[in-house]
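S.K.: Please work from the sequences and hints to get the whole structure.
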Amino acid sequence: MVNQKYFDQIYGIRLLLLLNEKHYVKDWIEAIEKQRKELEEKSLAERKRNLTGYVYKQPLYEKLQIMQLKQQAGMAVDLKWLAAQRKETMFGNIYWGEEANRFWDNNIQNTLLAYQILKGAGEHRDELDAIARYFLEQRKDGQWRNTFESSLILETILPELMVDDKKPEPASISLNNEGNVVVFPFNKVIDPETMTLSKKGNAPVYFTAYQQFNNPKPEKVSKDFTVKTTLKQNGVEVKTLKAGTLTALEVEVNVRSDADYVMIEIPIPAGCSYENKIQSFWGVETHREYFKHKTSIFCAKLKAGYYKFSIQLQPRYSGNYVLNPAKAEMMYFPVFYGREEMKRVGIK
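When you read off a place in the sequence shown, starting at 1, and then add 874, the result is the number in the working numbering.
Hint data in this document are derived by calculation from the structure and do not stem from the laboratory. Everything numeric in this text was worked out from a predicted model, so none of it was measured. Cβ coordinates follow ideal geometry from the N, Cα and C atoms, glycine included. There could be a bad hint or two in this list.
As the list claims (entries may be wrong) - PhoX-like mimics (lysine-lysine), calculated; alpha carbons at most 25 Å apart, straight line: (1) Lys922 x Lys993; (2) Lys931 x Lys944; (3) Lys1217 x Lys961; (4) Lys900 x Lys961; (5) Lys1166 x Lys1182; (6) Lys1175 x Lys1014; (7) Lys1168 x Lys1116; (8) Lys1102 x Lys1175; (9) Lys1102 x Lys1113; (10) Lys1106 x Lys1094; (11) Lys1217 x Lys1113.
To be verified - The calculated label-pair distances, taken between Cβ atoms and stated as ranges, are: (12) Glu1126 x Val1057: 14 to 22 Å; (13) Gly886 x Ser1154: 41 to 49 Å; (14) Gly1118 x Glu1159: 26 to 34 Å; (15) Gln1188 x Glu1043: 54 to 62 Å; (16) Lys1041 x Glu1149: 41 to 49 Å; (17) Glu1029 x Lys1113: 54 to 62 Å; (18) Arg976 x Gly1118: 25 to 33 Å.
M.R.: As structure tokens, then:
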């Protein structure tokens, strides 16, 4: 926390409520909120007078703690503000905060507080389910980050998963009524015909069905990812390349929501070869694979936002060529994707 004194104040009030929920703490909560507001205003004023380069901003974790205290004390809380702070993954699951190594102010701790606040407010079943799915989504490696966070998550969501104190039914699916599948991940290639799917159990199952085929006239798709490609020589965007001049094939990717295991496929114009095959050991890239006709860039995680990737090319053979569309997709859920349109490029 920014200031240990303020951190202790909040925990002091929480301790009083734990000891006796009838303690009158409204005045103390209002005093803490006033302190934070004055501190932010003072910090901003000093920044405007160039007295400091730092502007104090109250951490989200602290704001959520105060909101929970207000709720426990019977004070009004602004649930619209809480909804405005939430973020969303590509699967539609919701969370608060940023993934960080900080012990408190991170995506897990903030989302736990948001869950408890919404549960206390009542009538937010859809949001609570989306948060629970987010926690399950974070177990993609088979575990949460540490034992402490694991215990807090289970303590928070397990009561909602238990119905009448009964053990939740494991998730299972049946494809075309051919027995039950209970071991995941599961994949199967089927003939192109009508397909039926049924699911049992309380836990969510992410099911994806897709087909692959040659598309002779692909159109631009800006659904989950927005992809744009440009060719530049000497830092200037060009439509026609000059042979023998270093060329940058730049790909801009705008990610709608947080996504894991993303692959960006970047086709190479037939009249060009690679100037180099560098690997990016910084930023969001995990690995690059250079093929004769395309480059595949792998990213373990892409947060919602804007990214730029660049490939160095050397135009060699004069002529008119097709630049096939670059594409970004989730590797294990390829129905989440975005694609550039087909373009033409000349080399002189």
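S.K.: A separate judgement is required for each hint: does it hold in the structure or not?
M.R.: Comparing the hints with the structure gives:
Note on Lys922 and Lys993: the hinted pairing is violated, with a Cα-Cα distance of about 41 Å set against a maximum of 25 Å. As the CA atoms of Lys931 and Lys944 are separated by approximately 20 Å, the hinted pair is consistent with the 25 Å bound. Restraint check for Lys1217 and Lys961: the C-alpha separation of about 35 Å exceeds 25 Å, so the hint is violated. Restraint check for Lys900 and Lys961: not satisfied, since their Cα atoms lie roughly 30 Å apart, outside the 25 Å limit.
About 22 Å separates the Cα atoms of Lys1166 and Lys1182, which keeps this hinted pair within 25 Å; it holds. Proposed proximity of Lys1175 and Lys1014 is supported: the alpha carbons are some 12 Å apart, at most 25 Å. Only pairs whose Cα atoms come within 25 Å are accepted, and Lys1168 paired with Lys1116 is accepted, the gap being roughly 21 Å. For the proposed pair Lys1102 and Lys1175, the alpha carbon gap of about 20 Å is at most 25 Å, so the pair holds.
For the suggested pair Lys1102 and Lys1113, the alpha carbons sit about 14 Å apart, so the restraint of at most 25 Å is met. Distance restraint check for Lys1106 and Lys1094: the Cα-Cα separation of roughly 21 Å lies within the 25 Å cut-off, and the hinted pair is therefore satisfied. Distance hint between Lys1217 and Lys1113 is fulfilled; the C-alpha atoms sit about 10 Å from each other, no more than 25 Å. For the pair Glu1126 and Val1057, the beta carbons lie near 40 Å from each other, so the given range of 14 to 22 Å is not met.
Checking the proposed 41 to 49 Å range against Gly886 and Ser1154 shows it holds: the Cβ atoms sit about 48 Å from each other. Against the hinted window of 26 to 34 Å, the Cβ-Cβ separation of Gly1118 and Glu1159 comes to about 28 Å, which satisfies the hint. At roughly 60 Å, the beta carbons of Gln1188 and Glu1043 sit within the given window of 54 to 62 Å. At about 60 Å, the CB distance of Lys1041 to Glu1149 disagrees with the hint of 41 to 49 Å.
For the pair Glu1029 and Lys1113, the supplied restraint of 54 to 62 Å holds, since their beta-carbon distance comes to about 60 Å. For the pair Arg976 and Gly1118, the beta carbons lie near 51 Å from each other, so the given range of 25 to 33 Å is not met.
The earlier numbered hints that this structure contradicts are 1, 3, 4, 12, 16 and 18.
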